[in-house]
Every structure is written in C-alpha cells, then in structure tokens.
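Participant: Chain by chain, the residues run as shown.
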Amino acid sequence: MATLKELTHREDRFEGGHRLCAGCGASIAMRQIMLGAGTEDLVVGCATGCLEVSTSIYPYSSWDVPFIHNAFENSAATVSGVESAFKALQRAGKIPADKRVKFMAVGGDGGTYDIGLQSLSGAMERGHDMVYVCYDNGAYMNTGIQRSSATPKGAWATTAEVGAAQQGKPQKRKDLTSIIAAHGVPYAAQSSISHWKDLTTKAEKAFAVEGPAFINVLATCPRGWRTAYNMSVEIAKLGVQTGWWPLFEVENGEWTLSGPSKALTKAGRKPVEEFLKPQGRFKHLFAPENAELLAEIQSDVDEYWEYITKRCGL
Amino acid sequence: MKWDISKLDEWKTDDFPMGAVIPEAGNSKYYRTGGWRSQRPVLDRNVCTNCLTCWIVCPDTSIRVADERLADDWFDEDHCKGCGVCANECPVEALTMVPEGCEIPEVK
Amino acid sequence: MAEHKTVATTGNIVVADAMRQCSPDVVAAYPITPQTTIVEEFAKYVAQGRVHTEYVTVESEHSAMSACIGASAAGARVMTATASQGLALMWEELFIASGMRLPIVMANANRALSAPINIHCDHSDAMGARDAGWVMLFAETAQEAYDNTIIALKVAEHPEVLLPAMSCLDGFITTHSIDRVDLLDDETVAQFVGSYDPVNPLLDTDNPVMHGAFAGLGGPYFEFKKAQRLAIDRSKAVVERVGAAYSEISGRPFGLIETDFMDDAEVAIVVIGSSAGNARHVAKEMRSQGVKAGVVKVRCFRPFPNPELAEALKGVKAAAVLDRAESFGAEGGPLFIETRSALYDLEERIPIVNYIYGLGGSDVRLELMRQVYGDLSDIASGSAAPSGLTYLGAR
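Residue numbers (the numbering used here), protein chains in the order written: chain A, 1366 to 1679; chain B, 12 to 119; chain C, 37 to 431.
Just chain A, with the same shape it has in the complex (with noise of 0.2 Å):
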C-alpha cells in the first residue's frame, strides 16, 4: 500500500499525448495501475477498443513498456501467449532464471464482458501469471455507445434506446467479478477510478500474485455518460458512494469488501439516484412516467449490495 508521495518515485508509464478524451476514466485507470504495478518490467496487451485505439495510432505510442493489440476478443489468450513464450524462453536458457517481468491483459467491458469472456475465463482458469483489468465505462464506447451486458440498466445506449417502446436497457448488468472469483483465481477484485488508494493497492496486489489476478475498475466515460468531462472521478465517486459499484476483493476465496464500501455499511449509501441525476444517459429516468423503473433501479442496487456483504460477511 503505496502513499501517493511513494508513487511519485515510480516512473509514469502510461505516456501523454494520447487520443482518448478530455476527463476519461480508462487512461486514469491505466495511470493508476500502471503506477500500482510498479517498477518491475511489465508487457501489456490490450483488446481493441478506446484504450487500445487512441494509446496506439501509428506512429505513436503511449505505453512506455512493451505493448501488444491483437483483436478485439482476446486481449486474455494474446497475452496468455505472450506469458506462456516468457516460461519456455526462460525454461530453454534463452532469458536469464532470475529475470522477472509482470503481465498484463487490459480490455475494455464490450472486450471483456461479451466477446472477451470466452478467452478471459480460459486464460484464467489455465492458471497464467498475468493481471487482467477491466476498464468498465459500461458500452462499446469507442464505435459509439452500443450497449454491452455491463451497461447499467435503464442507460441510454445507441442500441438500447429510449422511446415510447423501451426505456432504454432493459437488462440488468451482469456480475462479472463474481463469474471470475468463481474461477478460483487468487485474486478477483473491483474498483475504481474514483478511489486511487484502493486501485494502486489492488493493482499491486494483483501484480504480486504469481498466477491469475483479475481487476474491475469502473471508468467513467463523459461522452457515454453524458457528463461533463470535469466530473469523471467524482461521478465514479458517486458510483461507489450509492453502492452501485460496491468495492471489493476476494483473495484465495475469501471476499472482503473494501474500505469505502465497508464505510457505507455504517454510514449508510447514497440514493441511487445522485450517481444517476448528473448523467444524460439517464436523464428519460426521471420523467415522472419513469417512477417504477428508477425504484426498480434502487431495489437492484439494494439487492446487489445484500449479496456483496453477505459474501463479505456483513
């Protein structure tokens, strides 16, 4: 657990000069594990996507280590290749037996919730020494907001819109950080940009696992959320505050919930409703015709967060 001073010592390896947005939550994602990870020599692949496609426009790149994109689905079996070389390279003499280098898959939720499960859940279950992370803003964002399973019930997305037929998704997100502690992996936690103790600290732990360690950071995304750019770590902020994204981590199968989640427990959450109010993606929401969706809305959250710190023991 690094103080933010301690972190300064550490080389930022997640350049500048990127093409993500104004206030986006992936890069203060990337910064903040990349940080957290520390100052071994470390090999990132990353699904396309945002992240990927604005850190790599050629000729530039923003990623200070070596990098890999491969496609879109398979950010996990790439780098699960890539881990797997490292082994063997090292077993045949080829590397020196006492070099140590970390990996580290990143996708975002459309290449890790939906087309990317099938290779995250293989690569984690084989047992690979790598972190995956998760920037979660919760849509296909980067070809324009199409709806992902991680987009939030009752969001407005291109493909799930709103109008008199459909109020915007109707489907609830899925748990994707249980699906993947129920692989056995050493490590399985979420996150977010908003809590950069919590997210250092997960990323080092992650990356000091020797084996599969898998991190769900929620990132905001203003062009998808509708929220002004200025706001992308307190809206994330609020997320976790409501108890809509609940902090957590599940180390060899034993679930704790983290700090300022556990916080809430006493102090009580937020109503979902402040995460919800600033964003533009909700805003069909609170028209009055909308009341028994919003409830639903708080029901989901309050029924999410009775299972979280039941398995947290709470």
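Simulated from the structure, these hints should not be mistaken for laboratory data.
Any given hint might turn out to be false.
Pairs of lysine-lysine, DSSO-like flavour, derived with a Cα cap of 27 Å [as the list claims (entries may be wrong)]: (1) C/Lys80 with A/Lys1459; (2) A/Lys1452 with C/Lys80; (3) A/Lys1675 with A/Lys1537; (4) A/Lys1464 with B/Lys13; (5) C/Lys41 with C/Lys80; (6) B/Lys23 with A/Lys1467; (7) C/Lys262 with B/Lys13; (8) C/Lys262 with B/Lys18; (9) A/Lys1648 with A/Lys1518; (10) B/Lys40 with A/Lys1467; (11) A/Lys1570 with A/Lys1627; (12) C/Lys80 with B/Lys23.
To spell it out: a stretch of chain A is covered by chain C in this simulated footprint if at least three of its residues, at any positions, have a beta carbon under 8 Å from a beta carbon of chain C; those stretches are [to be verified]: (13) 1452-1458; (14) 1597-1604; (15) 1653-1666.
Quick caveat, the model's predicted, so the values are computed rather than measured.
All residues carry an ideal CB built from backbone N, CA and C; glycine is no exception.
On the provided structure of chain A, position chains B and C as indicated by the hints.
Facilitator: Here is chains B and C on its own, set in the frame of chain A:
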C-alpha cells in the same frame, strides 16, 4: 527521440519498420494534444498543500512532480486537454480552470 | 544422406514428431477431428519431458492462434495445428498473424467445412484461408507432411520472409492412414531449422516496442500490405532453396510442383494432395494403353507457382484441374482459377476443364480418374468440347 519520424509522410514501403511495429515505446509524448484545450488549470501555490491528488487523477499525465511535490514546471502544456478533473478534485481549491489563450504555435 | 529411421505410422504422428524435432517454444492448440492425434501425440512428448515447449491447452482455436500470436511476438518459436471449423474460427487471426509478420507454423488436417457438418477430407478449409497471406504447402503423403512441416518452419522464419506458414495434409486419408515414413534424426532437423532470431520481440524489455498499432485513419496500411506482398513474392525463391537444401539431406525430391510423365504428355491432370497418387496410378495405366497422360501435383500453393505450372502444361492438348474445394459463384474451384490464370499468357491456348471432386471425403475411386482422362482424350481429339465445371462422381 530514438525513432526519427519527422519525414514519415515521405517514407516509402521499405522505410517502415516491418509489420507496423512501433520501435520506440511511449513516443506519444512527442505528440501534442495541448491544442485540444479551451481552458487550462492555474495553480495557487499559496493554497496548494502538495497533496498530489491532481497528479494521480490527471488522465493525460500532464502534471509533473519532483521531490514529492508539484514541480516548478508542473504544468505540461503540450499534453493537457483542459478536462478540469484536477481542479474538480483538488480538496483545497488550489486549481482554477481559466479560458485558454495558449502559446502553442499550431493553435495560435 | 543423414541418419534416418523408417517407421510405419500415420501422418499425424509424424507431423507431431516433426514439430517435436523443431523444438517449438510454445504450442497453443485446440483439438479438432482429424487433427486431434497431432495435439495428443505432442501432449505425450510434453508429459514425457521430451520437449521444453510451453504447451497451452487453450479453450478455442481462436484463442489458439491468439496465444500463438502473443507468443511469437514475444520472441518465441511457435507451432500449432488445426482443421476445418477450427481454421475457420481463427480466420481473423490468420490475417493478423501475417500482417504482424509472425513466422508461426501450423499443420492443417484438411477437412470439409460445415454445413452440413462433415469430418472427412476436402480442401475447403485451407482454400478458404488462401488469401490470408500464409505460405501454404500441401502434402500428398505422410512422408511429405513430415518433410513439409520442417521446410515450412525454415521458410517462415527466414529473414527474407517472416510470414506464417501452413503445412496441409489430407484429413483421415493422410492424417490417419498408416504409411511408411523415413524420419530424419533429431540432430539433423535441429541443425536444419536452426534457432529462431526474432525481430522486435516483446520480451526484449530493454527495447520496448509496440506490436499491432492502429494504422487506420489515413495511416500507412497500404504500404504494410505492399511489404507483405513483397515478402510472399520473395518467399517463392526461399521455398525452392530450402526445399533443395532439404532434398540434399533427405534424398527426397522437393518441388513447388511435381510432375509425372509430363515431358510428352498430351492430356494432363493438375491436382493437390493425396489424390495425386490416384491420378498417377491411372496415368501409368493410361500410358500402358498408349495414352500420353501426365500428372502435375501442386505442392506449394502459396505462393502460387504460376510460371512453373505454365511451363509444365505447355504443349498439352487438354488439361483437367481437380479441385477438392469449391469457390461458389466463381467459374470453378480455386486451383482451376489460378491454373487458368497461370496459362493465360501462353502463346497457344490449352483447353482446360475443372472437376470438383471428393468434397466431404467423397471417395476418389480410380474409375473417376479414368473418366477424367477419357474426357480429356475426347477434348484433345476434338470429338468433344471442353465441359467447364463437372462434379466428378456426384449423384
């Protein structure tokens, strides 16, 4: 800059590294996104406590630190996009976003 | 000639053995009939500690090629195997592997593509991937499958090439039939393929690079494709040189194409894979009956041996191209179209017809070959017009 891409627009097929590999990691630092912004953060050093919150939340690695504090040349004008997350998150309101009237030649 | 041992075994077993002898650092593979015994045999080597390979039992073929790409970009020597639906599933990754210039070698057990689902031999899977930028060698026998796999690796990793390569062998016919194969010893193969010298490996962490950049938005994508074209054009001479060097060691011939009785042939069959044996058998029969029949087998399909094929067929009075794959909507199958193109510039036009045969493992009986030569003789004598496309032996 290890890899000289200044004349890339004139390169022929053979001039490009094979397989579209970019041989210099992190070279986007030479690409200026500072021209994107319409506002910039201004720092009041008297109010700033060097808590470093602005530094850890900046999406564009545009706040420089040295010796565990904001550096003298803390503001990376080449890359800041003026998102204002830093000012929004500063706990002591040491940062204020002001309209941009910047010095970068491409924008001027 | 090098030390060798002669075995009676299946094509899949010797392909696995060739892979073992090539010492891949990583094999990421997923089982699919009729490739399965390749990956099972290789798994035995892993369990026995006979290879240092990191064997990644991925959860699908798409992940197999994805992991292969990661491993190859990392700087490892990478090999794998698949067939049919598996090859189809990894289709986008084939283009990515060649676009990224990664010398991955893959054995393909040629099997029909669904639908309807069919596990037997035809060339639709490999042919479906013919535009993916891979070097493609096709084997007639288990011996050739063994030889081609080793040759493919040396070609792929050659600094003038650096493209992925496929070593194709006929599903069930070659993969599962017991045949006589002369194997080279481990030392000879190791020396022949040498060690892999990766370009811009990810694991050279002192010189971090980016693989898979976004060259869209007006980027130089066109130029990278041109570089790929130049590389595969260069690969032809490399295939020939490597094939010749291999011949020196093995005592077995290797050609981009291989011909039988073509010197004075009047009627000729052009064919790929195991059915070349059927054609050759019947051509011998024809010869004994006074028919000047010949066979041209295409062993290297990518890069396509246009001038060699034209040279071999020059002077022939009628030729039949046998395609064990369709190209629906085109005038004929893939081999037919490319052969016709190869013949286009010849001074004298050769009547050339196309037979689609053996799809889905449909039995390639000798009488079908006799029918073809019979048809060709009719065309050559002028008593029949060229028939275009025929489904040979279909009801």
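Participant: What hint numbers does the structure not satisfy?
Facilitator: Numbers 6, 12, 14 and 15, in rising order.
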